[in-house]
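Numbering (this note's numbering), first residue to last: 200 to 322.
Rather than coming from a laboratory, the hints here were simulated on the basis of the structure.
Treat the hints with care, since some could be wrong.
Dumping the calculated SDA-like pairs for lysine to any residue here, alpha-carbon to alpha-carbon at most 20 angstroms [said to hold, decoys possible]:
no. : residue 1 : residue 2
1   : LYS274    : SER306
2   : LYS274    : LYS304
3   : LYS250    : HIS293
Restraint ranges, calculated between C-beta atoms of paired labels, are given here [claimed, not checked]:
no. : residue 1 : residue 2 : range
4   : TRP224    : ASN270    : 17 to 25 angstroms
5   : THR287    : ASP262    : 32 to 40 angstroms
6   : LYS282    : LYS304    : 15 to 23 angstroms
7   : HIS223    : GLU318    : 22 to 30 angstroms
Predicted model, so just to flag it, every value in this text is computed and none were measured.
A virtual CB, placed ideally from N, CA and C, is assigned to each residue, including glycine.
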Amino acid sequence: MIVNALELNFNEIPPSVNVYMRWHWTKRKNVTEMWHWLVKAALKGEKPQFKHPVVRSEYYFTDNRERDTGNYIPKFAIDALVKEGVITGDSCKHIKEMMPEIYLKQSKKQFKLIIEEGEDENK
């Protein structure tokens with residue numbers, strides 16, 4: 200089933216690249232598996248599909264600490280979407296990924312992943 204858009208909301212925020220790179224490989228594996236299950240649960244049994252996905256990510260933090268936008272990537276969630284068959288791959292041939300948006304001083308911590316059907320750039 201091809202859809203135009205999908206928004207997934209999580210009460211967890213994926214680790215920043217700096218945090219992830221300091222972890223032992225077993226912790227990386229465990230967190231990757233956790234995100235696969237979080238994405239699977241957020242899909243609620245649905246298997247929407249995108250031919251030309253454009254992915255946006257939004258990070259909501261309750262504090263006002265400045266964050267490096269390039270340090271936050273939705274890799275765990277995107278890998279899970281590939282595993283679930285929602286998108287065909289995560290290479291530049293399959294997906295267009297927008298820079299993340301970071302919001303500070305929010306009422307609750309959360310992470311949003313928005314997938315929209317884009318244009319076929321090979322036309």
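A quick look at each hint next to the structure:
1. LYS274 with SER306: violated, 25 angstroms
2. LYS274 with LYS304: violated, 24 angstroms
3. LYS250 with HIS293: holds, 8 angstroms
4. TRP224 with ASN270: 17 to 25 angstroms: holds, 20 angstroms
5. THR287 with ASP262: 32 to 40 angstroms: Holds - the Cβ-Cβ distance for THR287 and ASP262, about 37 angstroms, lies within 32 to 40 angstroms.
6. LYS282 with LYS304: 15 to 23 angstroms: At 34 angstroms between Cβs, range violated.
7. HIS223 with GLU318: 22 to 30 angstroms: violated, 42 angstroms
Checked against the numbered hints given earlier, the structure breaks hints 1, 2, 6 and 7 and satisfies all the rest.
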